[in-house]
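Please assemble the complex out of the two chains, which come individually in their own frames, going by the hints.
In case you want the letters, here they are:
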Amino acid sequence: MTLRDLTPWRQGRRRAYSSPFNALRDEMNSLFEDFFRNFDLEPFAERSRMFTPLVDVSESEKEITVSAELPGLEEKDIDISITKDALTVKGEKKDEREEKNGGRYHAERFYGAFARTIPLPAEIDRDAVKATYEKGVLTIRLPKTAAIEKESKKVKVLTG
Amino acid sequence: MADAVKEMEKREAEAPAGGTERTRAARVFNATVDIIEKNDHIVVIADMPGVDENSVDVTVEKNVLSIYGRVEAGVPEGSKPVYSEYSLGDYQRDFTLADEVDREKIKATVKNGVLRLILPKAESARTRRIEVKAE
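Residue numbers (this note's numbering), protein chains in the order written: chain A, 1 to 160; chain B, 1001 to 1135.
Next up, chain B with everything else stripped away, as it sits in the complex (with noise of 0.2 Å):
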């Protein structure tokens, strides 16, 4: 049951690159993620228990698609935690596009904690299936 548990932790995310500092005092994780590319569009879905939808922001930036998600819950007031398993924190996670990824039409949504980004190839990009014919 240990190895069990183990496995489900989340793993802290880096700090972020260039010796900057986070400007908010929350611990930061770095969402699961499954990614499906499929002919005309790629489907991001990462898990992020605790965020809706005003509490997510999704940018792009030159190349590099960012989620990140806060969590504002915390322990309810008057309690003291007992037993803690999963810790508190914001979700954050980066992506490098490809350039056939069409930014404008990026589209994001989000169902009960879990963030749904689908990302439409440009036309340029799909796979196209040419026909052969007999002479």
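Next comes chain A alone, as it looks inside the complex (with noise of 0.2 Å):
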């Protein structure tokens, strides 16, 4: 026996027909990686439908801003929550079924429904949050809590 037979990695082509441990870990090994590849996939096969709003976070002292780019939506369709420490937008984009029926059509945009869940960087008041929808582009206002704002204290930093 040379150390090449104990690395299994090495074996190469000697493997497919070398002992039924092999045989057995590789399909082992597949059995697993197909496993977790459906694992994966299936629950979130619907994903594909889905689109996924891009956003935009600026902070100030006072306020954070969070707009995302979502072209085509009513107000109506918007819907938006906060919960302590993250805010989530969610919604559908209507496809115009419509004027699709009868005739050719070539397809970049997209539609479906969209949920976006964004963790928040302080504390928010909840009740002064603001939102406007305009030109395509959603904007939420979330201003920081009193509290928050007192506590970013400067510490000095002393000699020795």
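None of these hints come from the bench; they were simulated from the model. Check the hints yourself; a few may be wrong.
Stated by the list, open to error - Below, a list of computed lysine-lysine pairs in the DSSO-like style, where the Cα atoms sit at most 27 Å apart: (1) B/Lys1080 x A/Lys154; (2) B/Lys1080 x A/Lys62; (3) A/Lys62 x A/Lys84; (4) A/Lys62 x A/Lys90; (5) B/Lys1133 x B/Lys1062; (6) B/Lys1062 x B/Lys1105; (7) A/Lys130 x A/Lys94; (8) A/Lys154 x A/Lys62; (9) B/Lys1080 x A/Lys84; (10) B/Lys1121 x B/Lys1111; (11) A/Lys94 x B/Lys1038; (12) B/Lys1062 x B/Lys1038; (13) B/Lys1121 x B/Lys1107; (14) A/Lys76 x B/Lys1111; (15) A/Lys76 x A/Lys154; (16) A/Lys94 x B/Lys1107; (17) B/Lys1111 x A/Lys94; (18) B/Lys1121 x B/Lys1105; (19) A/Lys62 x A/Lys130; (20) A/Lys76 x A/Lys94; (21) B/Lys1111 x A/Lys90; (22) B/Lys1062 x B/Lys1121; (23) A/Lys154 x A/Lys84; (24) B/Lys1080 x A/Lys130; (25) B/Lys1105 x B/Lys1038; (26) A/Lys76 x A/Lys90; (27) A/Lys90 x A/Lys130; (28) B/Lys1111 x A/Lys130; (29) B/Lys1107 x B/Lys1038; (30) A/Lys156 x B/Lys1080; (31) A/Lys84 x A/Lys130; (32) B/Lys1121 x B/Lys1038; (33) B/Lys1111 x B/Lys1038; (34) A/Lys156 x A/Lys62; (35) A/Lys90 x B/Lys1080.
Okay, structure coming up:
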């Protein structure tokens, strides 16, 4: 027995007809691979029909502004909810089906449902949140709580 | 999730042909479009978030239809960006028109950041149905 026999990744071509243990190992490997491949994709197959709006987040001392590009929606199609430290934007971009029927079609735009959760960097005053939808861009202004504003204190650096 | 975001990324438009430079210091993206051909007209729908009727130009020169949308919005004053996925920039897209499009009757509307162009086909180019009669 040489060292080569103990290192399975070096057995190369011999593997196919070597020991049944190697065959079992290969079988197990492929089983695991298949399992995880399915695990990853199947439950989320729906996702391919969804789209993810792009968001920008900016921050000033007083507020956090989240903006999302959502062309072609109506105000009523957008659903915004806030938890303690995250903001969720949900909605559905409707497909103009009646136009699609009959006629050749070239499609690049995205349709369907979307949901996006954005973690918020600081505590915000949930009652004072304002959202506007203009020109296909959703802008959400989240004022920070007074307490947080006060909390950010400067720390002096002292010499020895 | 990363893949989904990637897919939505805007594609930057190519620099204008002939070695010319742009005169605005903004990035320019290709607007994503849907094109639907109907019997008597063609509909072009372009996503241009941040563009309204005052900031979009639709021009026809020879047989090229160009759309250009300017985006003025930016980061609110006093704020600094902490996370950014979509880059701000203008939108552009050029289309070569077939002879069948009646250039005089092109209509354009903008709603909620979506530009919709209706390109009517010339009378001579419409598909006609010829009735076949039995002898």
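Checklist entry - Going back to the hint list, which numbers does this structure go against? => result Hints 5, 15 contradicted; others consistent.
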